[in-house]
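Novice: Whole structure, please, built from the sequences with the hints as guidance.
Next come the chains, spelled out residue by residue.
There are 2 protein chains.
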Amino acid sequence: MSHPLRLGIAGLGTVGVGVVKIVRQQAALLTARTGREVTISAISARSRTKDRGVNLSQYGWEDDPVVLAQRDDVDVYVELMGGEDGPAKASIEAALAAGKDVVTANKALLARHGQALAEQAEATGRVIRYEAAVAGGIPIIKSLAEGLAANEISRVMGVMNGTCNYILTRMEATGQGYNALFEEAAKLGYLEADPNLDVGGIDAGHKLAILSSLAFGTRIDFDGVELEGIQRISLEDIRQAADMGYRIKLLGVAQLTGRGLEQRMSPCLVPADSPLGQLEGGTNMVVVEGDSVGQIVLRGAGAGEGPTASAVMGDVCDIARGVRYPVFGQPANTLKQAQRGTSTLPAPYYLRMGLTDKPGALAKIASILGEAGVSINRMRQYGHVDDYAPVLIVTHKTTRADIDAALNIIAKTDVVVEAPVALRIESV
Amino acid sequence: MSHPLRLGIAGLGTVGVGVVKIVRQQAALLTARTGREVTISAISARSRTKDRGVNLSQYGWEDDPVVLAQRDDVDVYVELMGGEDGPAKASIEAALAAGKDVVTANKALLARHGQALAEQAEATGRVIRYEAAVAGGIPIIKSLAEGLAANEISRVMGVMNGTCNYILTRMEATGQGYNALFEEAAKLGYLEADPNLDVGGIDAGHKLAILSSLAFGTRIDFDGVELEGIQRISLEDIRQAADMGYRIKLLGVAQLTGRGLEQRMSPCLVPADSPLGQLEGGTNMVVVEGDSVGQIVLRGAGAGEGPTASAVMGDVCDIARGVRYPVFGQPANTLKQAQRGTSTLPAPYYLRMGLTDKPGALAKIASILGEAGVSINRMRQYGHVDDYAPVLIVTHKTTRADIDAALNIIAKTDVVVEAPVALRIESV
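Heads up: the protein sequence lines correspond to chains W and A, in order.
Quick note: the first sequence uses our numbering, first residue 1, plus one each step.
Quick note: the second sequence uses our numbering, first residue 1, plus one each step.
In short, the hints are calculated from the structure, not lab data.
Which residues of chain A face chain W? A partial, calculated answer using Cβ under 8 angstroms:
hint, residue
1, Gln26
2, Arg33
3, Gly137
4, Leu148
5, Asn151
6, Gln278
7, Gln295
8, Ala301
9, Pro307
10, Ser310
11, Cys317
12, Asp318
13, Gln330
Where a beta carbon is used, it is the ideal one built from N, C-alpha and C, also for glycine.
Specialist: Here is the structure:
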């Protein structure tokens with residue numbers, strides 16, 4: 001049997017504690033499957049004394065994760081602190097420089113600095129593994145980078161923020177509005193310290209940027225992700241969508257077309273009877289479409305101690321077995337800089353706006369849409385509620401650019417009470 | 001760049017042709033992702049001259065796959081002939097003996113001889129990879145053996161025979177009976193040469209036996225799979241199931257409990273709103289439950305040229321990248337011989353029988369069930385159709401052994417017209 005694989009773990013939040021538990025409780029299984037012992041040499045976290053329900057006394061301790069990352073008795077540096085800069089970045093760079101392999105769950109860091117870190121890792125023959133960074137326990141990184149490696153991927157889609165899906169499915173189930181469910185999610189501890197990371201789509205956008213790179217062999221381009229949160233989704237939108245056979249999901253879509261790389265993370269209408277449409281609560285789902293494999297759907301818990309720790313330890317097992325390949329599936333210096341092709345693929349859109357009580361208001365909307373080249377498929381106007389009348393429109397296929405052009409003009413008129421809501425109807 | 005990885009491909013059916021196409025059409029992508037060229041040195045198939053829509057003139061040819069497997073210019077022997085013995089087995093043994101790695105889609109061979117082949121491979125440091133053997137393009141072998149390696153798996157379930165799922169979902173959709181849909185499937189070319197491999201559950205049973213070994217670290221025990229086909233499923237069963245909120249699927253379930261390894265491949269009732277219950281047509285689905293990860297669901301095409309070739313080539317890419325680990329995830333000589341624990345886990349059952357037109361017939365059935373310890377939850381009797389009256393019973397949780405004991409007694413009475421049908425109601 002080979003010598004033990006020795007971990008240094010930075011960060012003892014939910015996931016870190018989960019990893020320690022697996023190493024302790026599944027030691028025999030890990031050894032059977034990897035052919036070597038997996039041990040923890042030392043740990044770094046904010047507090048050494050906090051009771052986390054797991055005995056840490058047998059492990060070394062470092063206050064500074066950078067020091068931990070460089071310890072001689074660490075083979076794999078496991079970064080579970082989070083944060084797109086600061087100690088997470090500094091310690092991973094230190095680990096790579098010291099010849100350690102790295103396992104991380106840090107999607108923000110990879111979305112921002114993945115290219116530079118991959119280049120550093122590959123220059124010194126190290127690996128960075130990050131299954132836990134996307135969709136929790138679902139083995140989507142491995143599936144894309146390895147299992148589907150012989151496919152030219154045409155599209156990757158995913159519901160990858162459990163908190164948003166929880167809020168949206170609870171709105172539908174309870175008839176409560178966004179604000180009430182946001183409060184509920186906050187009380188349950190489902191929200192990040194900065195809730196905008198969740199409800200603004202940023203966290204899910206980080207994940208999409210990582211999947212794009214793996215799928216298309218392109219450099220990570222998080223700034224190229226068109227981001228839109230769920231904050232403006234109303235109960236009315238959810239009801240109208242249901243009425244038409246759809247459900248609203250915060251959906252990430254990445255597609256590489258002749259016009260460039262389109263990356264979108266936004267609330268969309270998806271068919272209620274599709275796998276994505278059926279997704280409830282905090283569950284995540286990723287859909288991959290490849291030229292040979294067709295459509296593959298993966299579903300599972302997207303967060304939580306067990307699922308995320310399972311993903312971290314799957315990466316650790318690979319390293320223990322000697323599985324090594326470039327960070328984004330092909331050498332970082334061969335990844336292409338994709339032209340941004342956001343908003344070029346047409347789709348039908350769902351529009352909601354509130355018309356003021358003025359004669360000709362509806363005609364004005366219809367006329368502006370028509371002039372922008374947006375063709376109306378269905379329209380419903382309701383009676384006035386307080387000072388305005390809700391209008392719901394489903395367009396024929398059009399581009400986001402045309403929609404936005406029309407909505408910008410509409411927002412400046414005096415016939416709508418607030419900026420219109422526009423949701424893409426995605427064919428999945 | 002490393003030297004090319006040279007394949008020898010035996011078998012040019014649907015999958016073999018798909019593999020040749022990927023090697024030819026995705027050469028650049030394969031090289032980018034694996035860091036080396038993937039080439040075909042030579043091919044073996046029944047006919048050298050048959051037009052398969054792909055130009056083979058540039059490749060070497062061997063009439064005998066055993067000779068192909070030993071060629072000096074072959075690094076990886078790709079066995080796509082099928083058959084649980086004969087040339088497939090002989091050629092894989094020859095390939096391993098000659099120091100070649102092996103990729104195969106042959107579930108029957110692995111289910112029967114997987115242990116011996118794994119021992120041979122590991123004795124000489126070779127790998128055998130077989131993603132394509134189970135559930136077509138779905139990366140389930142990789143997910144179980146690698147991604148979820150840190151989990152103690154509690155249950156693996158799957159709908160893994162597209163033909164059976166096609167017949168069952170078409171019965172429901174069209175209202176046609178089993179025989180008519182069997183003929184339809186035959187005409188569409190969905191059935192194996194021996195259709196019992198499909199509709200008898202054998203093919204899916206082979207796949208389940210392979211998944212069990214990977215999931216639980218046990219030696220493959222295909223003979224321990226309790227097999228039951230879909231031949232006796234009637235439209236009435238499908239309608240009754242739907243009425244209760246269920247759908248009937250040919251479902252494989254493998255569970256390791258204190259009582260041993262339970263492996264079942266049989267038609268079951270699953271909740272209509274569960275991912276398994278929602279599965280349509282030829283699509284496959286595998287559900288894995290692990291102690292850390294919770295429930296993971298994978299879904300995709302279970303057969304066909306592209307999906308199966310994608311799986312074969314995923315394995316080839318791994319070998320090209322130097323990914324190597326034991327055939328069933330841990331050394332073959334450490335796999336445990338599991339005690340068979342089939343039929344020990346209780347569940348509710350759905351029973352259908354036809355009562356003869358005799359006084360006291362129903363009382364007799366109820367009494368026999370009661371004496372066998374089978375408690376009735378719901379029962380429906382219909383008016384007499386011709387000479388018999390259909391009776392449908394849903395039991396409380398009971399074991400298959402108790403059900404079988406009762407049904408054996410019932411079958412010997414003069415109150416039923418044919419052997420009763422018993423379907424497990426599986427909680428998924």
